[in-house]
Amino acid sequence: MTIEITVPVDKLSVVVQMLHRHLPPHALIFLVGDLASGKTTLSSAVAKLQGIASGATSPTFSLQQCYGERLFHYDLYRVGTQTFLEMGLHEEFDKEGWHLIEWADEPLRDFLKNAGYNTATVTITPDGSERRYKIEV
3 MTIEITVPVD KLSVVVQMLH RHLPPHALIF LVGDLASGKT TLSSAVAKLQ
53 GIASGATSPT FSLQQCYGER LFHYDLYRVG TQTFLEMGLH EEFDKEGWHL
103 IEWADEPLRD FLKNAGYNTA TVTITPDGSE RRYKIEV
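In the working numbering, the protein residues as written are 3 to 139.
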């Protein structure tokens, strides 16, 4: 199933509510988009709607941020699939909750889909003062 929606950045709650409607409580959500397209901004909106008042920050240097016991945020910009797997971080995906993954490459996405994880891809495209979200479940 594919859903497309275009909203201003200040209306991200609409996108997050759509994700909650269509995704199971345990899922890997790949966030795809160019640099500064809004991946971390969407992650922060997800965190806020899950009760994390401070939202989310980019885990670019730490690779992973955990928000409570059911929300996990990864930024793989600095590491490739091989390094990510060698570090054993993929074992974190067995924890119940949503795993928001920025900068996952195609081989990693394919590997995790084929491993049987519930996955979704959210492609973010800036469109003036709005963002277009293509959600593939």
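Since the hints were derived computationally from the structure, they do not count as laboratory data.
Note that beta-carbon positions come from the ideal geometry of N, C-alpha and C, so glycine has one too.
Just so you know, not all the hints are guaranteed correct.
[Unchecked claim] So the derived label-pair ranges between C-beta atoms look like this:
id, residue 1, residue 2, range
1, Glu93, Val9, 21 to 27 Å
2, Thr127, Tyr79, 14 to 20 Å
3, Leu37, Ser131, 24 to 30 Å
4, His22, Lys97, 15 to 21 Å
5, Gln66, Arg134, 26 to 32 Å
6, Val16, Thr85, 31 to 37 Å
7, Asp129, Glu88, 36 to 42 Å
8, Met89, Thr59, 27 to 33 Å
9, Leu37, Gln66, 17 to 23 Å
10, Ile7, Ala38, 16 to 22 Å
11, Glu88, Gln52, 27 to 33 Å
12, Ala38, Glu94, 21 to 27 Å
13, Val9, Ala117, 29 to 35 Å
14, Ile5, Met89, 28 to 34 Å
[Stated by the list, open to error] Distance condition first, Cα-Cα at most 25 Å in a straight line; then the derived SDA-like pairs of lysine to any residue:
id, residue 1, residue 2
15, Lys136, Gly118
16, Lys97, Asp129
17, Lys13, Gly118
18, Lys13, Ile54
Comparing the hints with the structure gives:
1. Glu93 <-> Val9: 21 to 27 Å: The hinted range 21 to 27 Å is violated for Glu93 and Val9, with Cβ atoms some 35 Å apart.
2. Thr127 <-> Tyr79: 14 to 20 Å: Holds, since Thr127 and Tyr79 (Cβ atoms, about 18 Å apart) stay within the stated range.
3. Leu37 <-> Ser131: 24 to 30 Å: violated, 18 Å
4. His22 <-> Lys97: 15 to 21 Å: Given range 15 to 21 Å: holds, Cβ gap about 18 Å.
5. Gln66 <-> Arg134: 26 to 32 Å: holds, 28 Å
6. Val16 <-> Thr85: 31 to 37 Å: With Cβ atoms ~36 Å apart, the hint holds.
7. Asp129 <-> Glu88: 36 to 42 Å: Holds - the Cβ-Cβ distance for Asp129 and Glu88, about 38 Å, lies within 36 to 42 Å.
8. Met89 <-> Thr59: 27 to 33 Å: violated, 21 Å
9. Leu37 <-> Gln66: 17 to 23 Å: For Leu37 and Gln66 the Cβ distance comes to about 20 Å; the hint holds.
10. Ile7 <-> Ala38: 16 to 22 Å: Hint holds: Cβ distance 20 Å, inside 16 to 22 Å.
11. Glu88 <-> Gln52: 27 to 33 Å: holds, 30 Å
12. Ala38 <-> Glu94: 21 to 27 Å: Holds, since Ala38 and Glu94 (Cβ atoms, about 26 Å apart) stay within the stated range.
13. Val9 <-> Ala117: 29 to 35 Å: holds, 32 Å
14. Ile5 <-> Met89: 28 to 34 Å: holds, 33 Å
15. Lys136 <-> Gly118: Holds, at about 22 Å.
16. Lys97 <-> Asp129: Violated, at roughly 35 Å.
17. Lys13 <-> Gly118: violated, 32 Å
18. Lys13 <-> Ile54: OK: Lys13 and Ile54 at ~18 Å, within 25 Å.
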